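Participant: Read off the chains here:
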Amino acid sequence: MTIASNSANTTSSLEHQELGQLLELLCEDRLDVHQATRLEELVLADPTARTLYLEYISLHGTLYWDAARAGVEESEVAAVGVVTGDHPVTSGTNRRVPRRLTGLAVLLTSAAVVIVAVGLAFRPGSPADATGLAGTEDPSGFTTSPGPGVVASPTAVVDPSAQQPITISAAPGSQLSNRVETRDLSPGTGRETLADPGSSVPKSSASVTGSGSLAEIVGFVDDRLEAGWQDNEITASGVASDSEWLRRVCLDIVGHIPPASEVLAFLKDRRLEKRSEMIEKLLDDSDYIRHSTTVWSNLLVGRGSRQEVNRAAFEKFLRESFARNRPWNEVVSEMVSAGGRNDENGATNFLLAHLNNDATPATAITARLFLGTQVQCTQCHNHPFNDWRQEQFYGLTAFFKSTRSERVRGSDAFELISGSFDVSPYYEDRQGVLHMASAGLGARKVDLTGVEDPRVLLAKLMTSGEDSRLARAMVNRTWARLLGYGFTSPVDDMGPHTPPSHPEVLDRLAREFETSGFDVKQLVRWICNTRAYGLTSRMTDGNSVDDPATGSQPLFSRVYTKPMSVEQLYDSLLVATWADRITADDWESVAGNRRRWQSQFVHSFETDENDEAVTFAGTITQAMMMMNGPLIQDALSQQPGSYFHQIVHSRGSDIDRVKRLCLSALGRFPTSSEMAAIQKMLPLRPTGQARQTPASGPLADGLQDVFWAYLNSNEFVTVP
Amino acid sequence: MSDSRITPQTIADGDGDASARPDAVMSSEAPRDEFIKLFTKFQRRVFLFILSQVPNPLEAEEIHQEANVIIWRKFDRFELGTNFLAWSCQIANYEVLKYRERKRRDRHLFSDEFVRQVASDAIEQADELEQRRHHLAVCLTKLKSNDLELIQQRYSLGESGKSVSELLGRPINSIYQSLSRIRRTLLECVNRQIRAQATP
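Protein chains in written order, with my numbering: chain X, 194 to 913; chain B, 23 to 222.
One thing to keep in mind: the hints can contain errors.
Derived EDC-like pairs: lysine to aspartate or glutamate, alpha-carbon spacing no greater than 20 Å straight-line [what the hints assert, rightly or not]:
id : chain 1 : residue 1 : chain 2 : residue 2
1  : B       : LYS125    : X       : ASP477
2  : X       : LYS714    : X       : GLU508
3  : B       : LYS184    : X       : ASP225
4  : X       : LYS474    : B       : GLU81
5  : B       : LYS120    : X       : GLU455
6  : B       : LYS125    : X       : GLU508
7  : B       : LYS125    : X       : ASP462
Note that these hints are calculated values from the structure, not bench results.
Quantities reported herein were computed from a predicted structural model and do not represent experimental measurements.
Make a model of the complete structure from these sequences and hints.
Facilitator: Here is the structure:
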């Protein structure tokens with residue numbers, strides 16, 4: 194800048210030259226911090242530089258906006274394949290894939306087949322005729338014909354193997370991110386070909402620590418799991434593609450799929466740290482709080498409504514707990530010992546939901562959720578296989594005996610009232626003999642005589658760390674929520690008769706969780722950073738024995754797919770379609786729409802036991818709701834505000850429109866065979882024309898069909 | 023500079039429909055059609071406006087989509103006949119700020135001052151920049167076929183210079199050099215066209 198005063202002309206041309214170079218770097222996203230600062234300096238100093246900047250950006254942006262995209266040819270599909278892995282869904286190769294789908298997948302698959310078959314036939318006002326779909330309505334064709342042609346598109350979308358997320362390991366060189374990962378493999382990890390970004394990254398950025406560092410804990414888990422693979426002579430599945438992984442981690446942590454823009458940015462990011470950074474970003478997202486609240490309120494008080502339960506107040510309690518990341522033992526302690534009005538103290542609602550029937554349900558659910566112990570059956574008899582005896586069930590009930598609920602006069606509110614302990618519970622054994630139970634937790638007996646509030650004592654016994662079951666139960670449940678199976682099955686039955694699959698991993702994580710101060714986010718962070726969590730859910734020939742759905746113990750050599758919960762599905766539909774934004778003007782009505790829609794849905798799935806096996810596995814209600822429900826109609830309508838409308842009116846080729854629909858629904862680009870089928874089916878226009886005019890008529894109807902099919906695919910309702 | 027500012031007349035020429043009164047907006051289809059027309063017409067310019075402040079096209083597009091949602095939601099508050107671009111840019115500007123706020127912790131490319139300055143310049147020069155687009159179309163046709171192909175590949179969805187280099191198996195630096203050369207050629211070509219037009 195000092196030269197500037199000497200000879201303005203030369204300087205300005207020199208500076209423009211420098212500016213030109215910087216602008217070039219900017220266009221290719223190669224500008225580093227110093228260069229960016231320099232660019233700012235130049236631009237701010239001089240109005241002509243500012244004009245040059247704007248001209249350059251305008252050129253760059255216009256090219257991006259409407260530079261001819263080479264159109265529809267295979268070359269473009271291939272280029273896209275670089276990102277997705279070129280997985281020919283309808284070609285012969287997928288037949289190699291072991292068809293030993295989990296029971297769940299089979300269920301989902303058949304549900305999806307029903308959805309498509311029924312949907313194509315009954316979808317009101319289906320514009321199928323216009324797109325030529327109707328010409329070949331051979332019902333069997335939808336499920337079995339792998340052949341190309343008109344039928345191939347719906348088939349491609351719901352083919353069972355399409356549900357298997359696309360793996361990258363089998364296709365060397367077809368996956369950009371794969372190549373990057375391989376190239377960036379840090380030396381000396383001793384791992385074979387595929388560096389797992391999930392597990393190798395934290396080792397270098399182990400800044401977030403509990404007692405053991407993130408890297409240490411993750412490394413321990415990785416080693417143990419790998420030892421298990423070797424012992425069982427299996428090979429783990431490959432690393433999940435970025436699309437698959439991102440969809441999984443978003444659904445797991447924030448409860449909905451990533452928006453298309455997020456997927457694109459993630460795919461574009463070539464840095465090795467991007468996965469662990471994404472985990473951090475999601476843990477900081479407010480939807481983490483929302484999702485955790487949903488998961489736990491469903492577990493703790495169920496989806497149904499009881500008059501004693503003030504759901505709003507309870508959710509507020511959970512929301513605040515997760516927002517502040519309160520220690521889990523503290524949260525549990527507060528719920529177990531809570532007292533007062535259910536609208537003023539949200540924590541009371543947990544017990545209020547379960548106090549009926551002499552607090553038997555309260556006993557059972559407390560043992561199940563917080564201690565990972567199923568004691569229901571010992572209400573009536575000693576457990577046949579373990580040392581849980583009738584006495585212990587009643588010993589636990591004793592803490593709840595003196596607690597009752599009362600309606601607050603002149604109000605809808607209920608109050609949770611603790612009395613002091615009066616008399617020990619009696620129970621009848623199978624021989625008809627009456628016994629008196631002494632209060633206690635497991636083997637630990639306590640004398641409750643004269644104790645003011647027995648539940649306060651119970652809370653202390655449970656959460657003080659003396660009993661490790663609280664930590665173990667939470668670790669097991671969180672692990673299961675993320676990887677699809679826990680160390681034991683069922684996840685909340687961790688008694689002596691169900692030895693965990695990986696005791697040392699469970700022990701270590703439980704210990705670390707305890708030492709971290711029952712830090713729930715930390716636990717999620719550890720698990721999400723493991724190598725296992727970064728694997729594809731796709732089975733290979735090398736690990737087809739690892740299939741817990743058949744009853745064997747999980748080896749975690751792949752991630753087991755999960756069905757979406759009702760809430761995940763709803764929120765994901767909104768993310769994919771923006772359906773909530775069509776009719777609503779303000780956020781209040783957006784929220785109202787969501788509650789209304791969800792309530793009709795939840796009603797269909799509600800159970801009394803808050804049973805978590807009840808999710809969403811392809812019931813008729815779900816199918817009908819998905820196919821014909823007003824939400825889906827809204828989502829597909831061409832009303833302004835919807836994603837679909839946005840796509841129809843976007844600039845870009847028709848192929849881009851298809852790609853964006855797929856990206857929004859499934860978080861990936863269409864496979865080349867899907868694309869080929871769609872190209873045959875839809876009257877796609879020349880690129881030039883497509884860029885100038887919004888899609889309309891048969892084309893818009895066809896795009897609608899494509900979007901509908903993607904949203905109704907089993908791939909959509911699965912957490913990969 | 024103020025001469026070049028876009029006026030309601032320049033925007034609404036041909037579009038100004040006297041019958042379209044704001045208070046009749048919800049009851050009639052015509053204003054909505056009118057709005058859609060304007061909306062579609064100015065999509066790219068709003069995008070460019072955002073891109074000048076957030077120079078990564080993907081991020082800009084994300085913001086643009088957010089802005090579009092708001093624009094649609096406020097559709098009945100727009101008075102036909104007034105400056106649609108200015109109105110949209112105001113909304114877009116707000117979305118840019120929100121986005122920057124959200125990304126505050128991430129690497130931040132440009133300072134607030136820079137973004138403010140550039141945004142105000144971008145509005146002032148909107149018309150000139152729009153002119154350049156037509157010339158660019160002409161200039162593209164003048165490119166050598168190899169160059170045209172390369173630039174098309176570079177700008178197709180999700181591509182970058184890097185992925186083009188991998189796709190074509192050409193060294194990355196040679197791709198960068200080619201792209202740089204082509205973009206400069208285009209820029210100069212556009213400038214020539216503008217000068218030619220200015221001095222008939």
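Participant: Would you list, in rising numerical order, the hints stated earlier that this structure does not obey?
Facilitator: Those not satisfied come down to hint 6.
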